[in-house]
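Novice: Listed here are the chains, written in short residue letters.
There are 2 protein chains.
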Amino acid sequence: MVVCVNAGQGKMIRPGLVLLSGVACGGMTENHIKAAAIFEMMHNATLLHDDVVDEGKSRRGVPTINSVHGNESAVLLGDFLLGRVIQMCVGLDKRVAEIIALSAMRTCEGELRQISQRGNWSLDESEYIEIIAGKTAALFEGACATGAMLAGAGESTVQALAAYGRNTGIAFQITDDLLDLVGEQDKTGKPVGSDLDHNKLTLPLIHFLKTAGETDKQKVKQILLHKTGDAERMELLEKLNSCKSIEYSRRRAKEFVEGAIAALAAVADSDGNKTLVETARFVAGRMV
Amino acid sequence: MVVCVNAGQGKMIRPGLVLLSGVACGGMTENHIKAAAIFEMMHNATLLHDDVVDEGKSRRGVPTINSVHGNESAVLLGDFLLGRVIQMCVGLDKRVAEIIALSAMRTCEGELRQISQRGNWSLDESEYIEIIAGKTAALFEGACATGAMLAGAGESTVQALAAYGRNTGIAFQITDDLLDLVGEQDKTGKPVGSDLDHNKLTLPLIHFLKTAGETDKQKVKQILLHKTGDAERMELLEKLNSCKSIEYSRRRAKEFVEGAIAALAAVADSDGNKTLVETARFVAGRMV
Numbered sequence: 001m002v003v004c005v006n007a008g009q010g011k012m013i014r015p016g017l018v019l020l021s022g023v024a025c026g027g028m029t030e031n032h033i034k035a036a037a038i039f040e041m042m043h044n045a046t047l048l049h050d051d052v053v054d055e056g057k058s059r060r061g062v063p064t065i066n067s068v069h070g071n072e073s074a075v076l077l078g079d080f081l082l083g084r085v086i087q088m089c090v091g092l093d094k095r096v097a098e099i100i101a102l103s104a105m106r107t108c109e110g111e112l113r114q115i116s117q118r119g120n121w122s123l124d125e126s127e128y129i130e131i132i133a134g135k136t137a138a139l140f141e142g143a144c145a146t147g148a149m150l151a152g153a154g155e156s157t158v159q160a161l162a163a164y165g166r167n168t169g170i171a172f173q174i175t176d177d178l179l180d181l182v183g184e185q186d187k188t189g190k191p192v193g194s195d196l197d198h199n200k201l202t203l204p205l206i207h208f209l210k211t212a213g214e215t216d217k218q219k220v221k222q223i224l225l226h227k228t229g230d231a232e233r234m235e236l237l238e239k240l241n242s243c244k245s246i247e248y249s250r251r252r253a254k255e256f257v258e259g260a261i262a263a264l265a266a267v268a269d270s271d272g273n274k275t276l277v278e279t280a281r282f283v284a285g286r287m288v
Numbered sequence: 289m290v291v292c293v294n295a296g297q298g299k300m301i302r303p304g305l306v307l308l309s310g311v312a313c314g315g316m317t318e319n320h321i322k323a324a325a326i327f328e329m330m331h332n333a334t335l336l337h338d339d340v341v342d343e344g345k346s347r348r349g350v351p352t353i354n355s356v357h358g359n360e361s362a363v364l365l366g367d368f369l370l371g372r373v374i375q376m377c378v379g380l381d382k383r384v385a386e387i388i389a390l391s392a393m394r395t396c397e398g399e400l401r402q403i404s405q406r407g408n409w410s411l412d413e414s415e416y417i418e419i420i421a422g423k424t425a426a427l428f429e430g431a432c433a434t435g436a437m438l439a440g441a442g443e444s445t446v447q448a449l450a451a452y453g454r455n456t457g458i459a460f461q462i463t464d465d466l467l468d469l470v471g472e473q474d475k476t477g478k479p480v481g482s483d484l485d486h487n488k489l490t491l492p493l494i495h496f497l498k499t500a501g502e503t504d505k506q507k508v509k510q511i512l513l514h515k516t517g518d519a520e521r522m523e524l525l526e527k528l529n530s531c532k533s534i535e536y537s538r539r540r541a542k543e544f545v546e547g548a549i550a551a552l553a554a555v556a557d558s559d560g561n562k563t564l565v566e567t568a569r570f571v572a573g574r575m576v
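In the order they appear, the protein sequences are chains A and H.
For the first sequence, counting from 1, position 135 maps to 135 in the numbering used here; every step adds exactly one.
For the second sequence, counting from 1, position 19 maps to 307 in the numbering used here; every step adds exactly one.
Fair warning: there could be bad hints in the mix.
Pairs of lysine-lysine residues, derived as DSS-like cross-links and limited to a Cα-Cα distance of at most 25 Å, are as follows [stated by the list, open to error]:
id, chain 1, residue 1, chain 2, residue 2
1, H, Lys507, H, Lys299
2, H, Lys562, H, Lys542
3, A, Lys219, A, Lys254
4, A, Lys34, H, Lys382
5, A, Lys94, H, Lys382
6, H, Lys488, H, Lys562
7, H, Lys322, A, Lys94
8, A, Lys57, A, Lys94
9, A, Lys210, A, Lys254
Quick caveat, the hints were computed from the structure, so don't treat them as lab data.
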């Protein structure tokens, strides 16, 4: 059985964003590579701990560390990675180290906020967006701001790249949440429906609960409350489609992608810039 | 119900060691206070995660975060503290930040090593000492080295304080493990016998399994294997006493205290120095 932190390799989006933001803002340096590794390590620490929190059994198509070696090892391995992040920050520009620290803290804040909202049927879209802006987009935003800063970009360009990262991260998480509802396990490497199992309300459900009639709402709440099988899941998807909630969520993801691309207008046109545009389109295009 | 990370306040030994080491080596600075907070935060992150790992229900006489708010919140709150540690390291002397990072990593390494040895009846004393030198003494050692370094001490003095911290930390953990066997919950704030429940072999048991006759050994292994009640625990303590294993462990703790005090010989005599000597004696005297 193959088991390692990154056995399935993953998409390496966060380190990619550090490097691409560097290229788009004047060129990569040695420190870009160091910062790229830091952001991927923070992400892997998050994944290790998320899998403990969510009792995840598989990720990227392979068994999780917690499922094979237990929660203890997964928690401690995540902590070890964070210790290594502290070490790798030594010698980096103070402003960059500050961004890295804030990215780590905002990620935790977003996750804690999500936990506090679990099972809240009246969660609204703006609160959901703020949650994912923390738990997912904080690392995207930090990665892009770091890449720009290390390339010597001015404050306005750093802010533009941060806005690009934040929008891309939000689009990424909306898409990830959609994949959890309508994706196929073969493609995502994760079991589908796990958000439902953990009473996490994501955008399609938030939209549905706001727009559906009372009878449909009650029906869907019943399905959400009583962990159910494939038949109920299909019924849930039909209900969501009847209110165009899936379509609405796809559109919102695309709007954030456009917001990300618009933020890049402040940056001089370059190959790095073009690849950032493609990256933003890719994150929301994963589900076709 | 009172529940907070440090509701029971705790002994504040690690931040105390940063400050006292500073006083002993030339005087405290603003950065000593910052570093003291960093070491206490790292320790609290460890406690939060330890309680998830060990399914701890109470600590310092109050319910643990995981028992009240769930494992997720406890894991994430620990991660948040580590993020704040990264932030607080910004601007500190590079060598100090490096010590802080290494302390965090060595703590995790020690804990991971302990997990890998769980249920190993032939764990020997040197391996046990190496485990606790990581999981507990790394923060003591780092706190003392940091205090000395921030006071402008030379390399040999920094090393002397590090040795003091390492020995004190080892004595502290041996005593803590003894309290888990022979302590009273009212005094320690933690349930007794939790190491036994988690198949952690500590010094009294290591000594017993090395020195006892085959029949006694088999009897104790049976008690350890089948999680048992008060009667079996009393029988276990009698067996350990019959081989003087508790007495042996107390003696070893005191030897490490003497090692700590001896390391201070390299440091000029001062009030700070005297308090460090008292601190080392205190950690092994908690059980009397």
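Novice: Does each hint hold? Answer for all of them.
Specialist: Going through the hints against the structure:
1. H:Lys507 with H:Lys299: Violated: Lys507 of chain H and Lys299 of chain H sit about 37 Å apart, past 25 Å.
2. H:Lys562 with H:Lys542: 17 Å, holds
3. A:Lys219 with A:Lys254: 29 Å, violated
4. A:Lys34 with H:Lys382: Since the Cα atoms of Lys34 of chain A and Lys382 of chain H sit roughly 16 Å apart, the hinted pair holds (cutoff 25 Å).
5. A:Lys94 with H:Lys382: 11 Å, holds
6. H:Lys488 with H:Lys562: Violated, at roughly 35 Å.
7. H:Lys322 with A:Lys94: 16 Å, holds
8. A:Lys57 with A:Lys94: Outside the cut-off at roughly 38 Å; violated.
9. A:Lys210 with A:Lys254: 21 Å, holds
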